[in-house]
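**Student:** Going line by line, the protein sequences match chains A and B.
So the first sequence is numbered by this note's numbering: it starts at 1 and just counts up by one.
So the second sequence is numbered by this note's numbering: it starts at 1 and just counts up by one.
The set of hints was computed from the structure by calculation and includes no laboratory data.
Beta carbons: idealized from backbone N, C-alpha and C, even for Gly.
Hints are supplied without guarantee of correctness; some may be wrong.
Said to hold, decoys possible - Quick list of the computed label-pair ranges, beta carbon to beta carbon: (1) Q27/A x R19/B: 47 to 53 Å; (2) R19/B x P209/A: 23 to 29 Å; (3) K366/A x A403/B: 44 to 50 Å; (4) F374/B x Q27/A: 28 to 34 Å; (5) P67/A x S446/B: 39 to 45 Å; (6) F374/B x E122/A: 41 to 47 Å; (7) S263/B x A241/A: 27 to 33 Å; (8) E122/A x K402/B: 36 to 42 Å.
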Amino acid sequence: MGGAVERLTSLVDSPQRFAIPYAEIRQAQIEAMNERFQERKERIRLLAHRAKEAGILEIRSREEMVPLLFPHTAYKSYPESCLTDKKWDRLSKWLGTVSSHPIPAIETSDIEDIDQWISRLEAKEHYISCSSGTTGKSAMLIASSADMRWSRVDTVGVFSWGSGVLPARDRRMFGVAPIAHVPKNTNIAEAQAAAFGDPRFERFRLPVPPITVGQLTKMVVLRKAIADGTARPGDIADFEATSKARQQALDDAMSVAADALIAARADKLYVSGLWNALYQAAKLVRERGYSAKDFHPDNCIYVGGGLKRALLPPDYQQFVHETFNIPPNRNFQNYSMQELNSGMPRCRKGGRYHVPPWMIPFLLDKEGNTLLPHVEGEIEGRAAFFDLALDGRWNGVITGDKISLDFDPCACGAKSPSIRDNILRYADLEGDDKIGCAGTVDAYVRGLS
Amino acid sequence: MTVIDEQAISREAKPQTIRVNHFIRGKLVTGDAVRHTSRDLGIDFTTPAIDLDALIASRAEMPPLFDVKLPEIVDFLVEVGQRLDPDHNPYLQESLEFVAATNPLPRRIIENLFRRARHFLHRDVLMASLNANFHDLRYFDEWVERTDARGQSGAIRAFPPRMIHMLAGNSPAGCISSIAQGAMLKAINVFKMPSSDPFSCVAVLRTMADIDPEHPVVKSMSAVYWRGGDERIERTIYRPQYFSRIVAWGGGSAIDNVIRHLSPGLQLVSFDPKTSISMIGPEAFRSDEAIAQVAEAAAEDVSTFNQEACLASRFLFVEGERAGIEKFCAKLQERLGVDRSMASAIALLPPAELREEVEMLRVMDDEAKVWGRFDGRGMVILTDEPVGFHPSGKTANVVHVKALEDAIRHVNVATQTVGIYPEETKVKLRDRLANAGAQRVVRLGSASKHVGGAPHDAMFPLQRLVHWISQENA
């Protein structure tokens with residue numbers, strides 16, 4: 001690791017990490033990006049290809065990095081037939097083109113499903129997480145042991161800074177979301193529990209079987225079979241029955257969670273989940289006649305992910321906070337994504353997401369091709385980030401998000417760049433006015449979600 | 001000059017906001033009460049507010065065309081066709097400039113489409129369509145008497161439907177055949193224009209009104225724009241009391257909205273979103289002459305409408321010697337990069353996801369071979385299995401199969417046109433292709449040519465739109 005990368009990433013433990021003005025680290029960030037580029041340009045094949053196409057040998061400015069940022073869709077670029085036809089060697093080969101470290105040979109002849117492929121790679125310290133694309137392909141993101149170690153430290157710092165909760169191991173931990181069982185999520189949950197959880201209590205987890213990557217991709221595989229016309233009615237009926245049983249198990253588990261929360265109401269709680277699950281749990285707690293007045297006054301909440309297109313009433317956040325008696329100064333939110341390894345916590349005074357020194361933000365045009373001129377003030381565009389902390393894959397990624405970024409100090413006093421709390425996904429802005437005669441068989445596959 | 005340049009220039013020449021006019025039951029309506037942004041290119045335009053009471057014809061009145069004889073309607077349409085000459089028609093000239101600003105197709109192709117549009121109003125084209133759809137045209141002009149096997153008598157009439165036509169966004173001037181259909185069916189018509197061309201339909205209707213503003217065909221026509229999914233309008237007017245048919249020329253999110261409003265008495269006749277393919281036998285790869293000829297024909301089918309249309313080929317299944325096939329791929333890529341009447345040498349770039357996947361195939365460089373770059377001139381990807389993404393922006397996936405029969409398993413319910421070489425193979429494969437879902441089997445290179453009166457999307461559209469009424473004396 002080079003000097004600038006080391007300088008910036010070592011700030012992870014510093015209480016001053018969000019106090020550094022952008023102007024002071026701008027040059028160091030460019031140097032650090034170049035260090036990462038030099039170290040990885042021969043190791044990550046897709047990066048080597050892009051650098052060659054763009055004729056880039058060295059990073060001397062932010063502009064020069066733009067053609068080398070990977071669109072988030074690059075992690076979905078594996079041939080779909082790898083999953084549908086169980087071509088595990090080919091999937092490993094694909095993974096090798098985006099990984100910083102060589103993918104070791106693994107035995108694949110007896111692999112039945114993707115979960116097995118993932119666990120064999122995990123045994124060799126390659127950790128694969130998956131985003132949950134609802135209809136299309138999932139992104140597959142590889143991480144290293146170093147990434148896992150970083151994430152454990154970062155997630156605790158992010159939550160502590162954003163919520164004001166100290167890692168004093170004095171809280172009863174409640175996880176109420178059905179979270180995908182991927183290394184990144186498991187790692188974060190364990191780190192949070194170790195830092196904030198009272199060791200006298202067992203961490204509450206929803207009593208449902210883990211959601212694995214294999215389950216997430218089963219739907220993709222079945223959709224493909226339906227599109228091809230090869231799926232039999234029995235296959236579809238089985239899938240629907242499994243989904244229904246899973247939903248029933250989830251509903252039952254939410255009841256168990258609500259009862260457990262009520263039973264633990266006198267203790268100081270740390271409640272975590274996705275908004276949809278938190279809202280369902282809060283609703284059940286209210287239906288059983290309990291609300292803020294019954295809960296501990298210093299509870300805290302960790303919310304991961306966005307709404308994921310769940311339809312909730314407009315006051316869902318307030319409803320959840322008021323149910324579990326979360327004080328206003330404990331209103332934690334974090335901006336991050338599977339594609340990054342570090343978080344950006346929201347400050348409690350200014351309500352903005354703060355970008356740490358090792359995370360280099362870029363604002364691009366809508367298409368993600370050009371860096372927008374940004375001298376001062378807040379401007380809006382497509383977000384891209386270069387997370388210097390990433391080790392297992394390339395650091396630069398162009399997101400699907402539309403954000404407003406400001407390099408100037410925030411009203412909360414922190415001097416780091418910050419992002420307004422109005423993040424949208426470009427995919428949701430498309431509107432629904434499209435009509436055309438050309439299209440794919442996807443339109444002919446009904447249901448399955 | 002590139003497509004992007006052409007469009008940038010035509011956009012710069014425009015005032016900031018373009019005004020879209022409406023046409024309501026024979027009258028031009030102007031105004032700029034509502035501001036919109038076009039879906040594809042983000043161009044701002046304004047429209048008048050829509051007076052829904054004026055737009056919806058009352059059932060208390062007979063349809064304006066009810067008592068007009070079909071031959072008279074055809075005569076009128078033919079006369080309209082004669083006036084749709086872009087060199088002399090000011091409405092078309094003006095709308096051509098505006099469409100060039102809002103539509104992803106290059107201006108030159110849009111102009112070619114406008115020039116070709118008159119063809120849809122030739123007498124023989126109109127009559128071919130009517131005669132293919134109906135065994136007897138008297139149904140339109142009178143109650144046709146009939147007697148059943150038991151001697152009971154009755155009469156049948158093709159009664160004018162009330163229709164909403166949802167015009168497709170990817171085919172400017174496509175409105176002309178819809179207007180002709182609506183007129184020949186004597187329907188009461190509302191054309192819902194797409195944001196990529198909210199102009200040409202009104203231009204054609206104004207041309208009609210100049211011939212005779214009181215003509216019943218003119219009085220049967222309205223063309224408006226609202227943003228697809230606008231609940232205030234769609235919830236209000238998508239009702240069987242107001243309309244009996246919604247005709248949708250394509251798929252997409254706009255159709256998903258329509259489906260929510262269907263109810264007994266309000267039927268959707270949709271021409272579904274489609275993908276087209278080619279199949280090429282080993283004869284094509286045996287000599288340089290054959291390769292050149294077949295590559296040109298394939299390029300014609302792949303690049304039509306810059307591959308924005310349903311009938312543009314995307315997957316080309318080939319059987320034959322590898323060396324000849326690779327030569328074919330190189331030649332095809334070269335031929336994708338030329339200007340054609342319905343394609344431009346440099347098209348808009350394919351979407352970023354496609355770029356990622358092709359780039360990855362290049363980096364993995366074992367099972368795929370790629371010709372061309374992301375420069376709009378077209379790309380050819382040779383694989384042994386179809387790629388998992390949807391080729392667009394003049395991208396051809398050539399799939400090397402052992403035998404063309406093996407490609408039939410890749411034909412599905414979304415397959416529209418199959419272009420085949422050589423000719424004999426067409427007859428050999430057509431039954432099995434149809435069984436798998438394909439709807440149209442053509443000669444390679446002829447995907448965008450049509451035999452008059454042929455069915456579309458596996459149906460005779462006019463027949464599906466008529467409101468058949470029975471008078472019975474049993």
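**Student:** A separate judgement is required for each hint: does it hold in the structure or not?
**Tutor:** Status of the hints after comparison with the structure:
1. Q27/A x R19/B: 47 to 53 Å: About 51 Å separates the Cβ atoms of Q27/A and R19/B, which means 47 to 53 Å holds.
2. R19/B x P209/A: 23 to 29 Å: About 59 Å separates the Cβ atoms of R19/B and P209/A, which means 23 to 29 Å is violated.
3. K366/A x A403/B: 44 to 50 Å: 46 Å, holds
4. F374/B x Q27/A: 28 to 34 Å: Between F374/B and Q27/A, where Cβ atoms are some 33 Å apart, the hint holds.
5. P67/A x S446/B: 39 to 45 Å: About 41 Å separates the Cβ atoms of P67/A and S446/B, which means 39 to 45 Å holds.
6. F374/B x E122/A: 41 to 47 Å: 36 Å, violated
7. S263/B x A241/A: 27 to 33 Å: 31 Å, holds
8. E122/A x K402/B: 36 to 42 Å: Distance hint for E122/A, K402/B holds at roughly 39 Å.
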